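Student: Note that the protein sequences, when read in sequence, are chains A and B.
Take the first sequence: its letters are residues 207 to 659, numbered as in this note's numbering.
Take the second sequence: its letters are residues 207 to 659, numbered as in this note's numbering.
Worth double-checking, as some hints may not be accurate.
Identical chains share a label here; the pair holds if one copy fits it or two copies do between them.
Dumping the calculated DSS-like pairs for lysine-lysine here, alpha-carbon to alpha-carbon at most 30 Å [as the list claims (entries may be wrong)]:
(1) K234 - K261
(2) K458 - K567
(3) K441 - K553
(4) K441 - K306
(5) K567 - K441
(6) K593 - K490
(7) K306 - K553
(8) K458 - K490
Think of the hints as simulated: they come from the structure by calculation, not from any bench.
Just so it is clear, the structure is predicted and the values come from calculations on it, not from any experiment.
Number of protein chains: 2
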Amino acid sequence: MSDINESLTDQIAALAEGQQTPLSLAEKALERANALADLNAFVAIDENIVMTQAKAATLRRQRGDPLSPIDGIPIAVKDNYLTRDYPTTACSNAAPLEPKGIDATVVGNLRDAGATIFGKTNMHEWAYGATNTTSNIGATRNPHNHDHITGGSSGGSGAAVAAGIVSAALGSDTGGSVRIPSSACGIYGFKPSYGRASRHGVLPLSWSLDAPGPMATELQDIVHLLPYFLGADAKDSSTAHAEAFKTVPDAKPVHLINLSGPGLERSSEVNFVINDALRRSDAKVGQASLGDVDQYFAAWEAILHCEASAYHSQLLAENAEGYSSVIRAHLEAGTQLSGVELLEAQKIRARLVQHLTRDLKGWDALVLPTLPVPAPAHGEDWQEFGKRKVTTQDSMTWFCWIGNLAGFPCITIPVGTSSKGLPIGMMLMGRPGQDEALLAVARIIDRSIRKQR
Amino acid sequence: MSDINESLTDQIAALAEGQQTPLSLAEKALERANALADLNAFVAIDENIVMTQAKAATLRRQRGDPLSPIDGIPIAVKDNYLTRDYPTTACSNAAPLEPKGIDATVVGNLRDAGATIFGKTNMHEWAYGATNTTSNIGATRNPHNHDHITGGSSGGSGAAVAAGIVSAALGSDTGGSVRIPSSACGIYGFKPSYGRASRHGVLPLSWSLDAPGPMATELQDIVHLLPYFLGADAKDSSTAHAEAFKTVPDAKPVHLINLSGPGLERSSEVNFVINDALRRSDAKVGQASLGDVDQYFAAWEAILHCEASAYHSQLLAENAEGYSSVIRAHLEAGTQLSGVELLEAQKIRARLVQHLTRDLKGWDALVLPTLPVPAPAHGEDWQEFGKRKVTTQDSMTWFCWIGNLAGFPCITIPVGTSSKGLPIGMMLMGRPGQDEALLAVARIIDRSIRKQR
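Isolated chain A, as found in the complex:
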């Protein structure tokens, strides 16, 4: 579907050439959101808030004084980013927040550039799950087939972009929550390096794993949006050494390592599409396994559960009933892990980084499918692939958590379609802090795929 939607890059050109105005873009987005309400992509869209911003942007453009190339482009925001106009609920009844005049840093950056903050998107409750089927407003539907899930936790953002309501949206990613719905919905999603993008004003799930990221219609959209994400922010100490976005380096022949082996199984259909896409690119492709994937996964889970339970401990004590029973059970289970287990997990985390950077050599990007299966149908509790049978939840994070545990930048790009017409995405992981170099690799793969169509 992304091929037929107008991208942010298209919209930048249309605004610059006067074929569109911020008002016409906003009206079209509102119309389309109304027409596609059954996707359940949005928690809140306030027509007045949208039109007020769009009118101001239109006036700026009429004066010939736009704030930036994206001035007046509607961008949707996951409902765990604080926004000064909309409430923030994380799609939970536990602690809905009224707007208090505070924008998350990324939202503020986009607003300062004139973007029309379009509405708040549906998400997996508290971002603590990857299917987008647990939400106080109900599950999202996949625009490619409403009987299928979007994946999550940024599922509303994925659906809104894939359906062409907006050209771009904001997500957050702790174990794949930007990349999973991007892949399942056939769009582009980028998780920055840990510590390079400010999380200030994004409700945390697990602060040592969380990253905010853009989800968009084409690869160049990501290039346009990343400057609003990257760079130091005094309000997020993890970004103390973060560099601002630099230009994407020139594409050159690249060396990829295609990861596979025990713990990294995928369906034969997904495997075929990924390998076919690699074959069509000019990249040199090596092969490697990841060692003890189960141990690394357990470390990711331990860190996630401990940090989430620590963040929620006070609220859980005060208002346990506000949480859905499944999220409450996760949070209670997280309190059972010992400090020694957490420290062991942190050590294993360091070993993963060492394995990827020292044992594997000379790579420009590591390759995995983003998901082992195309988007599952609603109501499916289990997924079977490559002699594995795992919960649908575990199938969604199957590969993605690796990027969070390592802290590496990751992108998913749509590379094909399943026999049922559902999108299949390829994940590329780059070196920490080298988000721009990862974009250069993605561009090579992306071009080779688009060329063939």
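Starting from the known structure of chain A, fit chain B onto it as the hints suggest.
Tutor: Positioned in the frame of chain A, the structure of chain B alone reads:
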């Protein structure tokens, strides 16, 4: 006693001027160690190992080719530093290590400079305690009064220096283990900023709190030794951003903040000596309290216990009987803390740093007594001071843990004597990474005290 002992600085001059040779220094140290064996300061001194090094150093000096100004000076080493010639036991029967040709980085640095690695000093078992009364070779005795303890965990190093056996020794400090015996024995002890000195080859107690540090006869000795401690070491990732030692800046009038209030009580005798020393200095002295000291202390304890239990978990499972019962009990208790409690402790740690650096303004050093009481007598289980009654163990770490939890550089300098003739030390804490600036402050205080004598 330190006034009558030859300092490392004295020895540097005596060697340069030919009044001493490495051999004469080694012989004198061996003689004195034998004469003062009842201090129980040493786990191991091997006369052959000492004399072999001293002969080589003497030859180098005879050739006019010393490796450094400290070439041939005997330096004692706490028994948790790996040494390529001596075994390393941490004064425990749990896992004595035969020498394997590996020196801790700091030991290697000193050896490369020609220092005579003199022997291994008695310590509190695994450094997990601050009295030096739990050791598989028995307690150390305070050179100022054998009926009193040295404090610990680097108590053997403190006794060896204070007794004039060696002019300097190595300690390690997780909650005061360099500063406590330095203060109790009337010498100088320095804990570097966290992450500025390599711990490679020093058996850990709690890796996010541990720092290695020098203990010596006069302040200038510390200045001579710190270059061998500070700087990046690829074998200790915490030092990735560590700067090498720079020159101590010129002394200028300084602004101190004298910390006191609830949780920071001390005996009236200690209080008098500290305030008298401050009064005699030219420093501008402000006053502040530390807020919720109990909460900060609990955070230090939680981090210490979790990390120690994590480090020892495998060995404890394999050889619980090797530990003394008290250390085993500590390690078993540490496994009971939850991951959420550990994360909460880490948050409180960040709050302490923020309090000391943002809420308290404009200071060059923070001042506390190093200990709330002079060295306790052997057999005393409790200490009473300032309306507090605490275990002798807790009285030893009473102030010192603050520097470890914050990660700040700290020094203790002897500033007076109790009515019973036991030393009293003043602790100065500097800003993180500014170890040299802390030495400049210490020099001002130290000169004003020495001048008065």
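Student: Now tell me if each hint is right for this structure.
Tutor: For each hint, the structure was consulted:
1. K234 - K261: Answer is within: at 14 Å inside a copy they meet the 30 Å cutoff, but 89 Å across does not.
2. K458 - K567: within (18 Å within a copy, 52 Å between copies)
3. K441 - K553: both (27 Å within a copy, 15 Å between copies)
4. K441 - K306: Answer is within; shortest intra-copy Cα gap is 17 Å, inter-copy 48 Å.
5. K567 - K441: Result: close only across copies, 20 Å inter versus 35 Å intra.
6. K593 - K490: Classified as within; 29 Å inside a copy, 73 Å across copies.
7. K306 - K553: Between copies only: 25 Å across chains, 39 Å inside a chain, cut-off 30 Å.
8. K458 - K490: This pair counts as within: shortest intra-copy Cα distance 11 Å, inter-copy 62 Å.
This entry satisfies every hint, going by the numbered hints stated previously.
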